[in-house]
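**Student:** For reference, the chains in residue letters:
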Amino acid sequence: VRPPLHQPTSLGEVCELLDTLEDPMVYGGGTAIQILIKQGVLFAGNFVDLSRVPGLDGIEESGDGLRVGPMATVRRMETTELVRRRTPLAAETYGHVANPRVRNTASVGGNIAHGDYRLDPPTALLVLDARVELTSVRGTRSLPIREFFVDFQVTAVEPGELITAIEIPAAAAGSTSAYVKLSSLGANDWPAASVAALLDPERRTLRLGLGALAPMPRYVEVPLDGGGVDEAVKSALAAVEPELDPIPDIRGSADYKRGLGRVAAEDAVRRAWEDAR
Amino acid sequence: MTQTTPIATGSGTGVGSRRTRVGAEGKVRGQLRHVADRPAGGAAHVAVHRSTRPHARILAIDVSQAAELEGVDAVVTGADLHAVFGERVFTGPAFSDQPPLAVDRVRYVGEPVAAVLARDVATAREAAELVYVEYEDLEPVYDVEDALEGRAFVHDHLKPSVVFGDLRHLSGKSETNIAYEYNLRLGDAAAAGSEAAETAAHEFWAPPVHHVPIELPATVAWVEAGRLELFTTTQTPSYVRQSVADMLGLPLSHVRVRVAPLGGSFGSKMYDRLEPLLAALAWTQKREVRMVASREEAFMLTTRHGAEVISSMSADAEGNIVAASADVRYDTGAFADVGPRITAKSGMIAVGPYRVPNVSITSRCIYTNKPSAGPFRGFGVPQVTWSHESLVDELARARGEDPAAYRRRNLLREGDEGYMGTVIHSADFVGCLDAVTEAIGWDTPLDRGEGRWRRGRGVAVGIKAVLTPTVANAVLQLNQDGSATLMISTVDMGQGSDTIMPQIVAEVLGLDSEQIRVVAADTDVTPYDTITAGSRSTYHTGNAVRGVAERMRERVLDLAAARTGSAREDLKLDSGGVLNTATGKRYSIAELVHEHFGARGATLTEEYNFTTSWQPYDKATGRSPKVTEHWFAGAVAAQITVDRKTGRVHVEDLAVAGDVGRAINPTLVEQQLTGSAIMGLGHALFDELVFDQGQVINGTLLDYQLPSVKDLPDRLTPIVIESPHATGPFGAKGVGETGIIPIAPAVANAIRDAVGVRITRLPLSPERVLQAMNQAGVEE
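As you go down the protein sequences, you meet chains A and B in turn.
Using our numbering, you'd call the opening residue of the first sequence number 1 and step up by one each time.
Using our numbering, you'd call the opening residue of the second sequence number 278 and step up by one each time.
Hints were generated in silico from the structure; no laboratory data involved.
For glycine and all other residues, C-beta sits at the position ideal for the given N, C-alpha and C.
Take the hints with a grain of salt, since some may be wrong.
Between beta-carbon pairs, the in silico distance windows are [claimed, not checked]:
(1) A:E22 with B:E345: 22 to 30 Å
(2) B:T721 with A:P242: 45 to 53 Å
(3) B:R690 with A:G40: 56 to 64 Å
(4) B:R690 with A:A254: 45 to 53 Å
(5) A:A238 with B:E929: 32 to 40 Å
(6) B:D801 with A:E22: 53 to 61 Å
(7) A:D275 with B:K987: 21 to 29 Å
(8) B:K987 with A:P242: 30 to 38 Å
(9) A:P223 with B:P722: 42 to 50 Å
(10) B:L978 with A:A239: 32 to 40 Å
(11) A:P248 with B:E472: 46 to 54 Å
(12) B:T721 with A:D275: 31 to 39 Å
Calculated from the model, a selection of chain B residues having no Cβ within reach of chain A, i.e. all distances over 10 Å [said to hold, decoys possible]:
(13) G293
(14) G540
(15) T639
(16) A839
(17) K896
The following block holds chain A by itself, in its conformation from the complex (with noise of 0.2 Å):
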């Protein structure tokens, strides 16, 4: 039996279903839930549909980044302008998410409350340094997105929390960037690694979100002293070593998504690098 369907129409009645019944799940685009349903791997014992609350699928300044509410589509991301402007990288990256019709109806906010190891979006969130806002009726907090993925599927969203926006700072003006994915049956299918790459403009700093390559998108810095670019990509292939630990399966067996994990970071360095000229 599917779980009931709630559609509040304020953000204040959201809080309350969320703290007040059994086994609340937030309904955003559906696209991953949907899925779940027909999987049968879904235990939920209500949904709540934010569709109906006006306000949470804004695109905003927000001092010189982005202020992104929950319900803003995946395919905005990829579009808008302002987006491509103020934060180019992730308006690649989000792009990169499966195919136009699954952009159009996934959320913003639902696509990382997946927590999936995946997903594309993570990948430059980590590198743009995003933070998280999470509400409830306890109020209000942030969370760096570094410490939201927490582990296979899990992420640091506590019960009666919903996410209510993403802020996502610009990087320093002259940064470089570039989101590589890989994948190994078709090309709209889930990468069997990606990486996303962030060079500041003194090239002192190289910042990579991997995804795909272990149970949950990670995140790497790698301080940079001055070489080129064949030493910038040598660096950051030591520092991604220790955090490749993929999942085989039918996309492929860990020894290979590793390798490609290797390759989506050589290529990722290398297009962030030419960027820059």
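Got chain A sorted already, so can you dock chain B onto it with the hints?
**Tutor:** Frame of chain A, contents of chain B only:
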């Protein structure tokens, strides 16, 4: 038979016209009504409890909790059906081995064990999960190696159906997993091979794959006035009527099978799918019942045969192919389905479209504890083509010859007697080969790339026989106003039969094909037709349609002669109606028919039968002077890049050619070639049903991948080759499978060309390609 109709220009929508596909707009707008769109009304919804064991005896089934759930009307087990129908409950096109619900024993993970009838789908599915089965495990047979070891047997006895007389000798055979074995022997392949200058030999594997039509299988069944009615997604309405009538013990007149346009099928909606179960439930429960398979269930209804081919090909010092052998092992899963036919028809051409004087082929259909494998676009031929097109490529390379030129000089030509004993006609292998190589610029210099990206070109040729013998019938009603209604049991599933059959009628009668409608297959109305499959309809049903149109033309001219007092030989029919060539006077069909009956809206009716025959295989050699009514010829050439670092293959250019005899509608032919090329590319690069201990582990569209628009070649060129068939309707033959057959080896041969590795297992996944490059020491 001779061509009696000259090719006329007609109304411009006849043979050769690119008229728009019938129903295209309705499909795009979602207005076409498919089987599952029929309102459920008071029907009971059916859900199925499935086996969790690959091979086990059923000790007990507890349905009490399921039956007690509110909204559940009935829970039915295989034992319940067996009590009513006895052994008739087992159906199947070649072997009567397939129960609608498992009786005493389960043979694959996912086999239906009990069916729930409930007020809605959710209740039915919930109740299905409340069925508890106690099993005693039996030793499972996971693959063809297990099966041939003969430690455990999927079936205690072979049970050939009454349909195929040539299988009778297998009846009751026990202690075997080999449902059927076909052998072809010509000359002495072993001796010729051992004396040859060059031999290529490998073991090949093509895994099981699934059809994944967009429309899911659906069946609605009910009893009306003592007759059973079925509304169902099937390519084989005439077969289903027979199968269900046999099971229920009813005359054919008391079973009605109706079909709506199918949203794709590719062989997945054939023979006994949901129909026997739904018919048995409707009959025993006296209820209208309906079931729409879920996507996950569809993966378990039928698959393409996984096949192992152990093969070799040898050439003499001049490069002539002198010997070839193939040991072909089709994994047919738990039920034979049409596997025995696939085994023989594909086995007999397992060494390819080449002149080979010494051939030895053994082809076996082997039971395992997996979902049943059945027909799939190509009917077992892509699996053997994977072998022979890789081998011939290796022979060419071993000799330092261009692979296209090497094939060219060894290919079968018009008038040759093939090694299977049948003469080649209207199968222009050379023309197809030349067309595809030219299209990708085979002879132009190739930038082979360096470092990470390597480039290569590959080619492959395919041969397939059309299913023979078969029967086609057509009934044509010419309406008084000059429009017409065509009754055939060909099912339009996207291939375009509803579009091209009217073009044939229009060509003969000088009508506008837009005014000719094909009646959806309905066994109460439309005449018997063997099956809509194996690319047979354009030729077979097309000939029946041409025949009925010609009879109608004679009828109209007779009528005109009688009514106008003209000499019969002076009259002819064209797009302006009947013309008296002596007087120049014209008579319209509308006025002739109106005057004849004295009624507007009256109809003239004619019927025509077209049946093909064959000569059974010689018992000693497996050869036959007429093994098939006609041949299909196709070729594919590809230019690809390989990423040395990831193993990923990217197709830059792909050309696919098919000899269709004559294109009734060139646009539809091009679409068939293109569609099958894309489907075949999936099989080449990543499509695969993965099993773990008998269980499908990627039976969802998340994990089972199909090519998307992003996986298409940068350029894809379909090429229509027309080598008219003497007895085809206007020279035409079918094209539904031609393009898919040579795709995978063409891509593998291009990889071989690019990086020097020969991969013998499909799919050519990046990991497999990378591993092969690493093992071969291909430089980074």
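**Student:** Against the earlier hints, flag every one the structure doesn't satisfy and list their numbers going up.
**Tutor:** none
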